[in-house]
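Chemist: What follows is each chain in one-letter form.
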Amino acid sequence: MVQSVEQIERVDRRVPLVLGGKSFHEVTEAIAAPIEGRTPKLWWIIFSAAVTLLGILVASTGYLFYEGTGIWGLNNPAGWGWAIVNFVFWVGIGHAGTLISAILFLFRQKWRTSINRFAEAMTLFAVACALLFPTIHVGRVWLLYYVFPIPNQMQMWPQFRSPLLWDVFAVTIYGTVSLLFWYVGLIPDLATMRDRAKSALGRMLYGFFSLGWRGSNRHWQHYEVAYLILAGLATPLVLSVHSIVSFDFATSVIPGWHTTIFPPYFVAGAIFSGFGMVLTLMIIARWAFKLEHIMTMRHLENMAKITLLTGTMVGYAYGIEFFIAWYSGNQFEQFTFISRMFGPYSWAYWTMVSCNVFIPQLLWFRKIRTNVKVLFVISIFVNIGMWFERFVIVATSLTRDFLPSSWAYYSPTIWDVAALVGSFGLFFTLFLLFLRFLPMIAVAEIKGVLPQANPHHGHTPHAEESHAGATPAPAEAKE
Amino acid sequence: MNNEKLTDMDQSEEKLYFRSLEDLSRGGVGDEALKDEWSTGELNLSSDQGIDRRKFLGLMGASMAFAGLGVSGCIRKPVEYIMPYTRRPEDLIPGSPLYYATGAYVGGKVVGLLVESQEGRPTKIEGNPKHPMSNPDGLRSGASDAWSQAEVMHLYDPNRSKKPKRAGKPIGWKTLWKELGAHFKKLRESGSGLALVVDSTPSPTLIDLLKFFTTKFRGAKLFRHDPFDRENERAGLALVGAGTFAPLYHLDRARVTVAIDSDLLATEGDTLRNARLFAKTRKPGERTSATMSRLYAIEPRYSNTGLTADNRLRLPASHCGGFLKALFAAVKGNGNSVETWANAASKSSGHDAKQLTFWVHEVAGDLKSHRGSSVVTVGERQPAWVHALALRLNDHLGNVGDDKPLQLVERLNEPELGTLDQLVLDLQGKKFGTVVILSGNPVYASPADTNLGALLKGVKTLHLSSFFDETSSVATWHVPKSHFLEGWGDLRATDGTVTIQQPLIAPLYGTVNELELLSRLAELPETASHKIVESTWKKLAPGADFEKRWQTWLHDGLVTLPRPTSRPTLSYDKLDGQLAQLKSPSGNGLELNFIIDPTLGDGRYANIAWLQELPDPITKLTWDNALLLSPKTAKAKSIKSGDIVALGFGGRTMKLAAWLVPGIADNTLVLPLGYGRTKGSRLFHKKYGGGFNAYALQTTKMRYFGWGAQLSRADGHYDLASTQEHGTLVEPLTHRFRPLVRDFEIKDYKAESFKKRWGNFDMLPGRAHKSLWKEPNKRGGLQWAMTIDLNACIGCNACTIACQAENNVSVVGKKEVMNGREMHWIRIDRYFTAPTFQNNRPTYDKQRLENEPQIVIQPLPCQHCENAPCENVCPVGATLHSPEGLNDIAYNRCIGTRYCKNNCPYKVRRFNFYNFSSRNDADTPLLRLQRNPDVTVRFRGVVEKCSYCVQRIQEAKINAKVDPRRNGNVREGDVISACAQACPSNAIAFGNKNDPTSLVAKNRLSERHFSLLADLNVQPRTTYLAKLRNPNPKLV
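Here the protein sequences come in this chain order: S and Z. When we follow our numbering, the leftmost residue of the first sequence carries the number 2, and every step to the right adds one. When we follow our numbering, the leftmost residue of the second sequence carries the number 12, and every step to the right adds one.
For reference, chain S alone in the conformation it holds in the complex (with noise of 0.2 Å):
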């Protein structure tokens, strides 16, 4: 259906990304309230939460360590199992930081200013909790160095052959050039920190990483250059890390893994899941530290169409899989997708299903992306669904693949469900740290797209006006 021009919004005549027409002031004083006034008590009440879960993290980890990967359920068909599950599960979320911030900076999409810092730090804790599972995951975990090209006496090498160690690589670098972004993006911030601190330590801590930061246009025009730099080198790693991740199982020979539709269909999944999550995540926190005039429902609309575009995309995945399967006519390919669907794992099937490709069909409805309670709802199923299709991936092939002599039922134990409970720990403790300490939403970018900050336009109140901070919503937009 093609719109008339006058259905098309104009662009001078946009609602405005951030409501309430607040002076860069009081936009400032909104970002900083969370770090600079008295710890809420919720806050505590999560972080014990989520410090105990991390709790769980240590304690089972270091069993593992003690006792051996045997404490999981893994058998032997099932070489991989929760483990490889949550790691794919943490990069996929990983993915949706880097994509708003980079991505669509570069395609100018200035929406993504009131959630990027928060997403990227959301990327960077997945990205940690990710790092964790295939580290602790090996047999021999003192031997962990092995996996890095170190040089060394023993004359040994890594075996660049191996998706493994594309992995290793692929999730280092996207960490790092995530950090990087990410920090690079938080210097005039930190600054601005550092200049309303009150505490010696926190003006000695905030002032050590702004890095002398003095808001001189010498600095925005070098910290431009470099957020774009950033930028476009994050942009190729959004798709290249989660196609890596996706070798791991679709260079392998098995039935369900060896498929070339993995690249994409992972991305695919990656930006879905990471959108769920950041969803999530941004609903509670809008709700809490009351940001909702920054976090707008603009912003869920526009994250909700993406996830809804996203989560279609990965049922057509699913569905070619299938066909492909049936046009391929290898039966063992055949069989596992059979397999899948009627099998010992079909609940688990059903479940990816379900949450992944019909609930988000709910999304074409305006009403319910406009319905913070219904999205909510919608993006926690997301997050199942899209552990779930991991889950789906790793346990189904392995555990039924060629020689029905070897099949087996693999089932998790108590310190599977330990290791994932705990991974959440690690990441909500970070998380909450980075809500505590750091500024949420970066105060000079969403000053940048205040309409006091957009001073062109003869209709437009001049800047002096912004400057009071008085100025309510600019008048063109109630025309």
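Please keep in mind that the hints were generated in silico from the structure rather than gathered at the bench. Where a beta carbon is used, it is the ideal one built from N, C-alpha and C, also for glycine. Don't take every hint at face value.
Over 10 Å on every C-beta distance to chain Z, these chain S residues come out as not near it, computed from the model [claimed, not checked]:
(1) Trp45
(2) Ala50
(3) Lys111
(4) Leu202
(5) Met205
(6) Arg219
(7) Leu363
(8) Ala445
(9) Gly449
Label-pair distances were calculated between CB atoms; the ranges are [claimed, not checked]:
(10) Leu1046(Z) - Arg162(S): 51 to 57 Å
(11) Ala246(Z) - Trp348(S): 55 to 61 Å
(12) Ser412(S) - Gly346(Z): 55 to 61 Å
(13) Pro894(Z) - Pro152(S): 24 to 30 Å
(14) Ser329(S) - Ser649(Z): 37 to 43 Å
(15) Gly979(Z) - Ser329(S): 44 to 50 Å
(16) Glu302(S) - Ser649(Z): 53 to 59 Å
(17) Asn1043(Z) - Phe343(S): 36 to 42 Å
(18) Ala901(Z) - Gly449(S): 55 to 61 Å
With chain S fixed as given, assemble chain Z onto it according to the hints.
Modeler: For chain Z alone, coordinates are given in the frame of chain S:
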């Protein structure tokens, strides 16, 4: 106080006393030693805490030093120093093993063995290639079975009894001999009241000694107890006048073999010999002129013989005798009695009477057209008359004779031995005051209604046993018994071959064997088993050159003396009399069968963890037995695998787990013996499973089978650890028929259309795989490969245990098997199938699959793919290809990502989920001595798998390099993998595929040759030869 401090440090419960600093450094001396100040080394050596490394090495050093003098079982000097090899014994090069020939009575048969000794430690048992029972057709290696392979674990069992006991309390050896001396002196003087129980070990010396014993103790009665004993067979032969003879099968001479409830290939009789000779008849030769023998099996359960058979009739055991009777009638042309039988049998067997009649006639026809080249064998489970009738039928067909498939060979001239039933009667009649049990564990392994335990408690019992087991715990005296690797003996195999059993190690715990105990009880001047055995043979083979001949005998493991040549005269009058009185079996309820378990035997191997964890060939159960029944029988009672059922039989009831096995006769229950042991091993703890004691339902009258079993479902579920849950290759389990095992009838194999049929087993028929790049691996020089002839394989498991012993493979325990983490490097896949072909496409017959399935067996070691998917996924390069085509693992490099394991299409890689090897060390400390020093013991967190016995390859290469005449050339036969070496049916061939003379190279050219999952283009080096069946075309 200084003393007290040191005492505290001692872990044992006994107080620490020491007389000198030397004592202190040895950990003190026990109470008894203090009381008996003249006590010498024995006591120090046989401490109850087991033998630690120091003591063991000391002992070993000493025994090696005395090796040249001839190891004497009873004179051992106290050893306090490690004997350095600076003055090493002759012939001993540290690091290179020595092999000694010996023999053993294992699983009811005599096997000739060759035992590897690493610096004095027996580490590996192999078949003696010179022994005709292990290697009747003169191949490279002597066959062995899982039981004899596992005997080495028995030697090092930590639960072996170390001290004599009186009423369960440890006593010193001196006290024991004093007490026994006094007791038996009284008996000798009073001249009666003594019973002696032995097993069926056919030992000339033992029998001499028993004869002497009965002269010394007038009125002493001899009894035999041995669940492996062939009492029915002997009685059957006696019925036709051949009581002193035993059947020796020459299956290579038989074109048609009919096995009636007889597992002659795996658990009954001379299985190694039978399997070897049978396999000879299963080499089809050129395709167009292929021929093969035919094996019929008529049996209630699925045995290894049954799964090898071309035609198999599942029939309750009680009808098997009737089948033979009908068969005999059919051969003689009496069709009426066939029908009479078929009508009677059809009621309870679930078969159609017409079908049974047809079967009998077809088998009879086949036998008639193979007069002189066929044989009918009967299993020990069948009553005597069936054995007699089988002999009569064989005789009628002209199959009996020295050059015929069935040869009757004179048995060892035994004194009269009473049966268990007679012993029980005598005990009930209080005829004895003393019972001496020289072998076995009769209290456990006897029918419940004998109540032997209570009876033995009422008398003075002396039990000689390696373990303080069920019998020992009711015995007055328990005397620890030596392992066969610790003492001298002699054994006579069925064909008359005698082997001198020579020890490889001095008794670890100062124990005695039967010969030594008997000679002590009889107060013979000589109590060392070496001298006893030697003197027997000095008598039998006198002459000046005895010493030289003796040494040759020891060296070869064979005694070269003329064999008995007398032949029996058969008469059938008595048999006819018995047959006339036979009543046809009345079948109400269900038939319960007791079978010798293929892994634990009669229970004597229950203490061996390797065998506990060895999957049953058919059920694939480990650590437990279960009540086996057919799906149809189970359905009628709505029983599923793993359900707990209540089984009533002969007035007793028992709750036990059920397990469904297709192919078992309907209305028939099968319960393997050997499980449910309670005393004598740590393995009998509940956490290991342990199974259910079948003897508790056995009755004297119904030893092997009987009708009237009552079965009902009870509440609950029992966790059974099966290594292979999924048993078929077809729907509904798999989407389509999986072309994994190629299995044809010989007529189709010979047919013109075979190529097409063969091609339909390829997933991408007719397409050659092309490589995108230059082949990365070298293909010249030595290129190792293995072929496994599925046509010869009988699924006996010998290879699995041989591999476990050779490669230090860990035992993981029931819990971990349940978790699916068993470690076997070569597993045996078992599939139920019912292949048919439509337009030459393999398909299956669903009806047959449920009711009359066939079994295919596929041993699966690492396939050593040339294009190995495991290699390129390892991030640290821990698994790589060797230039000789081996897929190697560098254990030190492995970090345990398990990616290789995932990417292995054959799932042969095993992961050390826990520190299994150190768990094994903790569980079985002495088993460390068994470890092969040439194979790395794997630590937790690394992946392991079949290495093609790379240590043997390297050894052969070194030997070839060292030998100047060889110029470094490794020839066919220099390297043989442990599995191939053990294989009784010679199904596994290993060698250099680039050597055109090698068996492997020849097999690879066979038209039956195929690769498993060839379509993945992984190019496996382990390949298979298709299974062929030669069924009677009319019975398919």
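Chemist: Against this structure, judge whether each hint is valid.
Modeler: Taking the hints in turn, this is what the structure says about them:
1. At the 10 Å boundary, the C-beta of Trp45(S) stays outside the reach of chain Z, the nearest C-beta of that chain being 40 Å off.
2. With 10 Å as the threshold on Cβ separation, the claim that Ala50(S) sits away from chain Z holds: the shortest Cβ distance comes to roughly 32 Å.
3. Interface exclusion of Lys111(S) from chain Z stands, the closest Cβ pair being 42 Å apart, more than 10 Å.
4. The Cβ of Leu202(S) sits about 41 Å from the closest Cβ of chain Z, beyond the 10 Å cut-off, so the non-interface label holds.
5. Once the 10 Å rule is applied to beta carbons, Met205(S) is consistent with being away from chain Z; the minimum gap is 41 Å.
6. For Arg219(S), the requirement that its beta carbon stay farther than 10 Å from each beta carbon of chain Z is met, with the minimum near 45 Å.
7. Taking the minimum C-beta to C-beta distance to chain Z, about 34 Å, the non-interface status of Leu363(S) holds against the 10 Å cut.
8. Here Ala445(S) stays apart from chain Z, with its beta-carbon at least about 42 Å from theirs, past the 10 Å limit.
9. For Gly449(S), the non-interface assignment is confirmed: its Cβ lies about 44 Å from the closest Cβ of chain Z, beyond the 10 Å cut-off.
10. A hinted range of 51 to 57 Å for the beta carbons of Leu1046(Z) and Arg162(S) is consistent with their spacing of about 54 Å.
11. A C-beta distance of roughly 59 Å is found between Ala246(Z) and Trp348(S), which places it inside the suggested range of 55 to 61 Å.
12. Between Ser412(S) and Gly346(Z), the C-beta spacing of about 59 Å keeps the proposed range 55 to 61 Å intact.
13. For Pro894(Z) and Pro152(S), the Cβ-Cβ distance of about 26 Å falls inside the hinted range of 24 to 30 Å, so the restraint holds.
14. In this structure the hint that Ser329(S) and Ser649(Z) lie 37 to 43 Å apart at CB holds, the actual value being about 41 Å.
15. At about 49 Å, the CB distance of Gly979(Z) to Ser329(S) agrees with the hint of 44 to 50 Å.
16. Checked against the hint of 53 to 59 Å, the pair Glu302(S) and Ser649(Z) passes, with Cβ atoms roughly 57 Å apart.
17. For Asn1043(Z) and Phe343(S), the Cβ-Cβ distance of about 40 Å falls inside the hinted range of 36 to 42 Å, so the restraint holds.
18. Distance hint for Ala901(Z) and Gly449(S): a CB-CB separation of about 57 Å, consistent with the stated range 55 to 61 Å.
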